[in-house]
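Please work from the sequences and hints to get the whole structure.
There are 2 protein chains.
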Amino acid sequence: MQENGTITAAILVIGDEILSGRTQDTNTNYIARFLGAMGIDLRECRVVPDAEGEIVAALNALRARYTYVFTTGGIGPTHDDITADAVAKAFGVGIDYHPEAMALMAARYKNPDDFNEMRKRMARIPDTASLIKNSVSTAPGFQIGNVFVMAGVPMVMKAMLEELSSRLERGAIVHVATVEAHLPEGQIAAALAQIQSSHKTVSVGSYPFYREGGPGTQLVVRGRDAQQVEAAAGEIEAAVRFEGVEPLRI
Amino acid sequence: MQENGTITAAILVIGDEILSGRTQDTNTNYIARFLGAMGIDLRECRVVPDAEGEIVAALNALRARYTYVFTTGGIGPTHDDITADAVAKAFGVGIDYHPEAMALMAARYKNPDDFNEMRKRMARIPDTASLIKNSVSTAPGFQIGNVFVMAGVPMVMKAMLEELSSRLERGAIVHVATVEAHLPEGQIAAALAQIQSSHKTVSVGSYPFYREGGPGTQLVVRGRDAQQVEAAAGEIEAAVRFEGVEPLRI
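Those protein sequence lines, which keep their order, are chains D and H.
Numbers in my numbering are just positions in the first sequence, counted from 1, shifted up by 2.
Numbers in my numbering are just positions in the second sequence, counted from 1, shifted up by 2.
Check the hints yourself; a few may be wrong.
Note: identical chains are not told apart, hence a pair may lie in one copy or across any two.
Said to hold, decoys possible - Within a straight-line C-alpha distance of at most 30 Å, the following computed DSSO-like cross-link-like pairs (lysine-lysine) qualify:
id: 1; residue 1: Lys-91; residue 2: Lys-135
id: 2; residue 1: Lys-202; residue 2: Lys-91
id: 3; residue 1: Lys-122; residue 2: Lys-202
id: 4; residue 1: Lys-135; residue 2: Lys-202
id: 5; residue 1: Lys-160; residue 2: Lys-135
id: 6; residue 1: Lys-112; residue 2: Lys-122
id: 7; residue 1: Lys-160; residue 2: Lys-91
id: 8; residue 1: Lys-112; residue 2: Lys-202
id: 9; residue 1: Lys-122; residue 2: Lys-91
id: 10; residue 1: Lys-160; residue 2: Lys-202
id: 11; residue 1: Lys-160; residue 2: Lys-122
id: 12; residue 1: Lys-135; residue 2: Lys-122
Worth flagging that the hints you see were computed from the coordinates, not collected in a lab.
As structure tokens, then:
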């Protein structure tokens with residue numbers, strides 16, 4: 003999967019609340035778009051529970067395979083926040099109170115008693131990791147090797163992603179052209195297959211939808227060569243017109 | 003992970019459109035809740051691209067480990083719909099046009115020419131699999147072994163899930179009690195840890211939120227023993243009141 007020069011990524015979502023259905027994950031979509039804008043290919047996502055063995059196994063599988071891994075969740079002050087310990091274990095390093103994290107967080111509490119033992123847990127950072135600061139809740143995430151450990155609360159995660167983005171290598175941007183056609187995808191599938199096979203440098207995806215007024219399909223061309231993307235999209239438009247439908251570029 | 007009598011599940015989301023950020027996945031959350039209502043524990047989710055090797059590897063890892071695996075996506079008529087072939091490969095079986103699927107689909111098209119070669123691809127089903135019918139788009143999903151292969155379009159996926167649900171073994175329901183407290187989770191974290199450690203049969207989760215009017219936390223107790231869940235939730239309410247805040251059961 004690590005093609006020449008392609009920068010790849012995986013997301014590891016850590017949290018019982020996603021698996022129970024209590025919480026609809028939106029971080030994955032946000033991170034996917036954020037990485038896409040930097041030319042980084044998101045290749046895999048996993049969701050695992052708040053269980054050390056599960057986190058360690060998934061993280062070690064993903065970090066060996068992709069340029070970057072982004073985790074969300076499990077870095078708060080409560081007993082079920084075990085991500086930092088699990089990441090330390092995955093990397094085979096120790097974990098301790100990080101002086102800078104302690105200082106950042108201590109400065110946040112006017113009453114020193116409020117910086118209690120549980121809150122201090124959020125300053126426990128695996129050895130050799132560097133902090134990912136966040137302007138929303140103060141408690142930092144961290145980077146260790148090619149792994150970026152972020153909060154699960156979307157507002158905090160977004161602040162951390164912004165903060166860490168300068169550390170990421172950028173790739174060539176993927177250009178996207180989307181043609182919407184008010185016809186069922188089965189009617190144009192043969193033409194699409196032909197267009198895909200004659201444009202090997204792009205990927206052609208077909209995403210049906212059902213709306214009032216009948217079925218339709220969004221035909222999405224993605225690729226790093228803008229001319230090839232445009233050429234394939236033009237052929238798709240022609241194929242849609244051939245079916246007597248006016249395509250819409252969206 | 004396969005505790006005595008616990009019925010477990012994983013979800014495998016197949017689709018470039020989730021990884022590119024084009025589409026926000028909502029199927030996982032819907033399936034999680036659907037399974038929860040049947041007493042089935044969702045333990046893991048993965049998202050992989052429309053790439054045969056990726057689908058095969060993920061499916062074989064998941065089906066070996068969990069009672070059930072539910073896949074979404076990649077069973078339409080277009081060239082990028084490769085799930086059925088990948089599943090056949092994962093199981094080491096052949097794949098062919100399924101007579102009943104062919105009949106169902108042929109009946110849908112008034113003009114026989116509309117049932118074209120690409121649409122017939124949707125009737126290709128791995129050997130030994132049984133169909134999962136759907137009332138929305140006709141094209142069926144299928145079950146092979148402990149794997150249920152469903153469409154990615156949410157409306158179609160929901161119809162298939164309903165259709166297949168009678169085949170699933172039900173587990174004991176997980177009872178849930180949620181206490182909302184308008185205080186930051188760090189203020190109650192020590193009490194929560196103590197409550198968790200004295201109620202081993204339940205899991206206590208803490209989910210902070212930020213709203214106008216200040217931070218708050220939802221404290222969620224889950225467990226199969228309703229009395230234990232209630233006992234832990236009662237102790238959490240007492241701990242919140244001890245901080246001078248009136249808890250809210252939601």
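Here is how each hint holds up against the structure:
In this assembly of identical chains, Lys-91 and Lys-135 lie within 30 Å of each other by CA distance solely inside one copy; the values are 22 Å within and 46 Å between copies. Taking CA atoms no more than 30 Å apart as the test, Lys-202 paired with Lys-91 passes between copies only; the shortest distance there is 24 Å, against 42 Å inside one copy. For the identical chains of this complex, Lys-122 and Lys-202 are inter-copy neighbours only, at 25 Å across copies versus 53 Å inside a copy, given an alpha-carbon limit of 30 Å. Taking the closest pair of Cα atoms, Lys-135 and Lys-202 never come within 30 Å of each other, the shortest separation being 42 Å inside a single copy and 35 Å across copies.
Within a single copy, Lys-160 and Lys-135 get their C-alpha atoms as close as 11 Å, which meets the 30 Å cut-off; across copies the closest is 41 Å, which misses it. Only within a single protomer do Lys-112 and Lys-122 lie at most 30 Å apart by alpha-carbon distance; the minimum there is 15 Å, versus 68 Å between protomers. Proximity of Lys-160 to Lys-91 under the C-alpha cut-off of 30 Å is restricted to the intra-copy arrangement: shortest distance 26 Å within a copy versus 39 Å between copies. Taking identical chains as interchangeable, the C-alpha atoms of Lys-112 and Lys-202 are never at most 30 Å apart, the minima being 60 Å within one chain and 36 Å between chains.
When the C-alpha separation of Lys-122 and Lys-91 is checked against a cutoff of 30 Å, the pair qualifies only within one copy, where the shortest distance is 20 Å, while the shortest distance between copies is 50 Å. Within a single copy, Lys-160 and Lys-202 get their C-alpha atoms no closer than 35 Å, and across copies no closer than 34 Å, so neither meets the 30 Å cut-off. In this assembly of identical chains, the alpha carbons of Lys-160 and Lys-122 lie at most 30 Å apart only when taken from the same copy (23 Å versus 44 Å across copies). Proximity of Lys-135 to Lys-122 under the C-alpha cut-off of 30 Å is restricted to the intra-copy arrangement: shortest distance 16 Å within a copy versus 54 Å between copies.
Checked against the numbered hints listed earlier, the structure breaks hints 4, 8 and 10; every other hint is satisfied.
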